[in-house]
Structure formats: structure tokens, C-alpha cells
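Novice: One letter stands for each residue in the lines below.
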Amino acid sequence: MQTANLVIVLLALSAVAYLLAHNRSVSLSRPLGGIRHLHSLPFYYGMHATIWCALPAILLLALWLMFDDPVISAALLNGLPESHQPVTVADHNLLLNSIENIASGALSREGADPVLVHAADQLAKMRNIGSYLATAVVLSLGVLGLGWGWVKVSPQLPARQQVEKVFKIMLLSCACVAIFTTLGILLSVLFESMRFFKSIPVTDFLFGTEWSPQMAIRADQVGSSGSFGAIPLFVGTLLISMIAMLVAVPVGLMSALYLAEYASPKFRGLAKPTLEILAGIPTVVYGFFAALTVAPFLRQSGESMGLQVSSESALAAGLVMGVMIIPFVSSLADDVINAVPQSLRDGSLGLGATKSETIKQVIFPAALPGIVGGVLLAVSRAIGETMIVVMAAGLAAQLTLNPLETVTTVTVQIVTLLVGDQEFDSPKTLAAFALGLMLFLVTLVLNFIALRVVKKYREQYD
Amino acid sequence: MVSKLVTDTATMLEKKATAKQTGPDAMDYPEQAIGEPFVKNPKMSMRNVDVFYGDKQAIYNVNVDIGQNEVIAMIGPSGCGKSTFLRSINRMNDTVESCRVHGELSLDGEDIYAAKMDPVALRARVGMVFQKPNPFPKSIYDNVSYGPRLHGLASRRAELDEIVENSLRRAGLWEEVKDRLDQPGTGLSGGQQQRLCIARAIAISPEVILMDEPCSALDPIATAKIEELIAELSENYTIAIVTHSMQQAARVSRRTAYFHLGHLVEVNDTEKVFTAPEHALTEAYITGRFG
Ligand SMILES: Nc1ncnc2c1ncn2[C@@H]1O[C@H](COP(=O)(O)OP(=O)(O)OP(=O)(O)O)[C@@H](O)[C@H]1O
Ligand SMILES: [Mg+2]
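Note that the protein sequences, when read in sequence, are chains W and D.
The first sequence lines up with residues 856 to 1317 when you count with my numbering.
The second sequence lines up with residues 312 to 602 when you count with my numbering.
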């Protein structure tokens, strides 16, 4: 039976298990004088049986699916004569592939090695048997579980506690999935970065001031060695993020203050969703707005003032990115400001403070931890933003603090390094992982600082 | 006495039942608060005050005066509108979106709700201590110095220190906090927080102080201190205090006003209210039949 069908049958079976156990618990309770004489509610007896029916069977099915292929191929290879035994890993894969292809009919049987044809038949047969076996075993485990769950139903069974325990374990394993995935990503990035640092010294990467990741195709080619100094990239990232924050933080905070404290409910109801629409615009759209409108405008006005502005500039990208981030800051700050209790406002107003004094001296300090959190979230958004930079700030890695020149950022370089078909063994592509690792560390430090700041204010204010 | 009360209440309730068919409960409440709601030369006077929250009326046609340097107590069952009335006196109700206040309210003869009256200036003159303690998330020192700083009451740090110490002493909190003035006010116990709020309110020396159940979270010792403070303040200030403790009303106030479901039923000398109430509702309340 197909796996999907098998799962559906299992689900149906567990529904049956629920009903049977539920009804059995109800009928057992009747002579005792009602369900309050049972240890748990009938629902929990039903769930108890469902878990017994479904969980072991599904676990077994998962295991089967995991080890099905390796076991069959090992058996296949064992059955091959000495002359056909593969030597290298590549051989091994090739051999299995051709057997697979013959079995599926993608490769014609005529003219193929008769040994392989035989093996292909074997494969089909084993698959067939395996599938039947899996269906039989899994289903009988399900039925057994159902029976067990049904038999176990008794007024003394602590079904409620047992069901809770299973749920707790399930929640725990979900949490573990998240943690292990993160850990896995981190490890793989770390591992690839190590490979990169084998060919390029760490110090060159961290302190080098030139970034031009070209690798020579021939050893004697001009400019044969690339340089991988990450400083220009990080300076570029910093520059653009800073410009963006200079736009987003004041505008976002002030608009949040206006919305939360001064605006009439009608205006607020109109302005808040409008502001949030800004957050829904795809960044590519911001990108061409930056490249086609803002950058030329900056260039023209710069020229009229006698300034040299390149057609792609950090300023253009930063300004537009700032606009993009405004809704993050304002929406988060608005929530935090609204969460400041009315009694604090009353206390301040009752002492003869004006509205703006109240905001400055009471509401803003009380909301500060949340606001700091929101701003740092916006910073990580700015650091991670790629599209606007690609379109408006360019790709040239220059070490400059002049916002009128073209710069590039870490994320943009990661993208350009990995675009197209690449073997993951040249320093050029591996550099992307090193950059990723650095970015990860920077964000980690940023978050760490944010948490410390927030905690400090918490301790002071609660 | 008790049997008379029972029959009184019973007839009253009957009246109410019949009144329902004819018109809104005009029958139960006196047209005009009985007793002596008015004084000569009042500090504040309130005439025909109606307060609404949206469509719901919370205060019905209240007329009362508060005399110079007088302590007036406001009592009444929970939800009868004491806080609402108090908040109308210093326009704190402006902050409640749905709230509307009608009537003539004046402070020293000036109309409180006049267009040219600045509510901010008014609140500096008519201070308030709220029902729930609401210290700012700042240090104890900053909590008390908040008002004086706003209004520029101290030109030097030493003066400010003096105001803070003085206010905390009068609120009976100084001894407990003098070594930790730089710690957050929110870290104090509930009763200490309330005394901090009282200190904060008296630090700007308002002319009138409105206190909404200032002692509801305090132990008897702290309560006694606050009552002492009220007695002392009443030499120079005018005080309106809402309280659920009738003993407290009896101890601190000169006159007592009894509210019932948004109506001002009776205003009289405190002693008279507690020994010989004129209205049946007042009598029922102070003898412990409602509330
Ligand atoms: N912000 C508000 N919005 C709507 N209705 C309100 C509001 N505040 C108070 N009310 C209503 O007004 C009436 C009077 O409330 P108020 O708080 O003045 O009572 P109170 O006498 O102070 O009671 P307590 O002794 O419990 O403090 C109540 O019915 C209350 O539900
Ligand atoms: Mg109240």
C-alpha cells in the first residue's frame, strides 16, 4: 500500500480507537453511577486509546521509511557477483542508479548487462515485498495498540495524566526540532567556514581592507589571487544600516507617539493600517523606487550643490531602507506605549503636568525597554536587507564612510558569491559561509546587548 | 430603631417599584441634597452637576460647596460615583474619552470648565491622590520631586532636597525610605506606594487636595499618620476625601456628604450625619444596611 494511504487508514483506525474507548469508558461508568466515578473524563480514555493505536504504528512507519532503501540496496549489492562489486563511492552510486533505471524502465533492458537486469528484477521484487510487509506490520501494530487501549480502559486508569504526559513529550520534541535545526545550520556554516579559513587566513579575512573575490582559472592568470578582506563589507553594512536607522527611529517613534497619545480614534484607525501597509510592500519595489527615483534625485541635487554623487549611493539605499523600516519601529513602539497603564498618565496629569511633559518624563521612560527591543529588531532587519542595496547601492566593495559613494553589504556579497552554478570548494564560494558566520555572530552580540539593556531597565522599573 | 429602619427601607423599595412605571427614580432621592450643602464664602462650589459616561449617567444634578480650609468626607456604596465626582472637580475626567460633565463648577469663583481655564494649571492647584497607588517607574526621590520640578518650585538642589524630605516626612514615609531615595518607587509595598503618592501630591502645595480612598491599602499605624497629616494640612488647605471607613470620616472631616447611585442625598456636619442622619438612605448606609 502507498504510504499516504497507509497513513489515512491509520488515522481512521485511531478515530475508531477513540470512539471505542470513549464508549467503553462511558458504559463502564454506568453501573458505578455516572462518569464522575471514573478516574478521568471519557475524552481522555478516548485519547489514551488513540495514542496507543497511532503513535507506535507511525513511529514504526517512520523508521521503516528511513531504513527501507539502505537495507534493500545493501541486500542487492550483496547479491551481485564479485566482478560487479563497486570500489569507490562514485561507482557504488552509479551502479545503484543504473539498476534503478533499468527497474523503472528508463533504461532499456536490451543490451544491458544481464547481471544488472537480474538485479533490477530483484529490486522490484524486494520493493514489492517490502511494501506489503510494511503495510502488514504497521497495520497490525495499529490494531494491537487499539486493542490494548480498549482493554486498558478501567475506572482506575489514570488516562488523563498519561495523555498529558504524551502531549508534554510531543511539545518537547517540537521544541527540540527548532533547537537542533538552528544548531545544525550553525554547525554547517561553521564547518564550511573552517574550510574557507584553511585557504585564507582568518586575520586576512577579518582585517583585510580589500574585497575582490576573484579566483584565477589558470595559475598564471593576471590577478590570480582574490582578496577577501571583509572590512569594506562590514563598513558598508554599518553605513547603510546607520542611515536607515537615522531615518526610521525618529520618524517611527514620533509617529507612534502621535498615534498613541494625540491622534483621535478616527485618525488612528485610518493611519495605523496605512502605516502597516508600508511593511507589506515587497522589498524589490522599494529597490526600484530607490534606484529609479531616489538615487537620480540625489545625484541631481548633489550636482547642483557641486557634490560628487555616484549614481548608486549608500545614501539612496539607506534612506529608502529607513522608510521601509518605519512601520516596524512605529508599530512596535505604539504597542509598547499603549501598554503603559493609564494610571501613570493620570498620576502625572494630576500633578499639573502637560501632555508633552507626561510623555517625555513618564510614558517614554516607562516604555523604553520595549522601544529599545523594537529598535534592535529594526536594526537586524536593516542588516539583513539585501534587495534594496543590490539595486540602489551597487556591488562595488569600497572602503569608505562617504554616504554619497557606492558601497556594498555583507548580504549582497553572499548573494553574488553564490549566484549561479558553483562548486562549493573554491574560496570564492566558501567565503559566503564565512561572511554568514560573521553576520550571525554580529547579530548574536546585538541581541545579547539588547537583552541586557532591556533587563537592566526592567530591574529598575518593575 | 432597627425595626423602624426595616419598615423605612421597605416603603422606600416599594416606592421605587412604583416609580419605575411612572418615571426615572425621582421619588427616592431628595430634589436637593438635604442638610447643609452650601457654605458661606466657599473655596469650591458645584451647581447642577451631571456627569455622563457615553449615554450612561453617573452623577445626577449634584449641588454642593466645599468651604475654605475645610475637610469634607464623601461616603457611599461602591459604584455610587464618588470617584467620578472627585475627578470632575479637577478635570481629570477630560482624559476619559466618553466622559461629559455638565453644570457650573468653580474654584474661588472661577469657572473650572470655562474655555480660558487651563486644565493643567487647575490640576496644579487642585491636586489628587488616586484610589490605586500609581508611583512612576522612577526613583523615590524623582517621584516626589516630579511636581516641584515641573512647576519650578525649587531653584537649587538643596531646596528640592528639602521639599522632598518635608513631603515624605509629612506623609509618614521618610523614616522608611531615607536610605534608599534612589531606588524605584515601584519597589515599595502597596501601602508605602500610597504614602509616596500622597507625598508626591503635597510636594507641590496645591490649594485643594482630593483624596480618593487614600488609606484603603494602609495598616492602622500608617492610616493614623495620614489622618494626622490631613488634620495638619487642613490648617492651610482644603481637602475632599473619599473613604469607605466611616470611623475615618468621623475622625478627620468637618462635613460629610453621602452619595447614592449618582445622587447626593445628604450633606451635614459629620457628627450629625453619624448620630442623627436625616435621610433614610443615609441612615441605612451608616448603620450598615448597604455597601
Ligand atoms: N471610565 C468609565 N467608563 C464608563 N463608566 C464608568 C467609568 N468610570 C466609572 N464608571 C461608572 O460610573 C459609576 C460610578 O463609578 P465610580 O468609580 O465613580 O464609583 P465609586 O463611588 O468611586 O466606587 P468605589 O467606591 O468602588 O470606588 C459606576 O457605575 C461605574 O461603572
Ligand atoms: Mg472610587
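Worth flagging that the hints you see were computed from the coordinates, not collected in a lab.
Be careful, since some hints might not be right.
Keeping only pairs whose Cα atoms sit at most 30 Å apart, straight-line, the calculated DSSO-like set for lysine-lysine is [said to hold, decoys possible]:
id	chain 1	residue 1	chain 2	residue 2
1	W	K1020	W	K1007
2	W	K1311	W	K1210
3	W	K1310	W	K1215
4	D	K367	W	K1311
5	W	K1121	D	K367
6	D	K443	W	K1215
7	W	K1210	D	K449
8	W	K1310	D	K489
Novice: Can you confirm whether the C-alpha distance between K443/D and K1215/W stays at or below 30 Å?
Specialist: Cα-Cα ~23 Å, so holds.
Novice: Taking 30 Å as the top limit, are the C-alpha atoms of K1020/W and K1007/W close enough?
Specialist: Holds, at about 17 Å.
Novice: Would the hint linking K1310/W and K489/D be met if the CA-CA limit is 30 Å?
Specialist: OK: K1310/W and K489/D at ~26 Å, within 30 Å.
Novice: Could you grab the alpha-carbon distance between K1210/W and K449/D and see if it respects the 30 Å cut-off?
Specialist: 18 Å, holds
Novice: Can the restraint linking K1310/W and K1215/W be considered satisfied, given a maximum Cα separation of 30 Å?
Specialist: 21 Å, holds
Novice: K1311/W and K1210/W: Cα distance at most 30 Å?
Specialist: 27 Å, holds
Novice: Take the C-alpha atoms of K367/D and K1311/W, compute the straight-line distance between them, and say whether it is at most 30 Å.
Specialist: With Cα atoms ~45 Å apart, K367/D and K1311/W exceed 30 Å; violated.
Novice: Does K367/D sit within 30 Å of K1121/W, going by the straight-line distance between their CA atoms?
Specialist: 22 Å, holds
Violated hint for the displayed structure: number 4, the only one.
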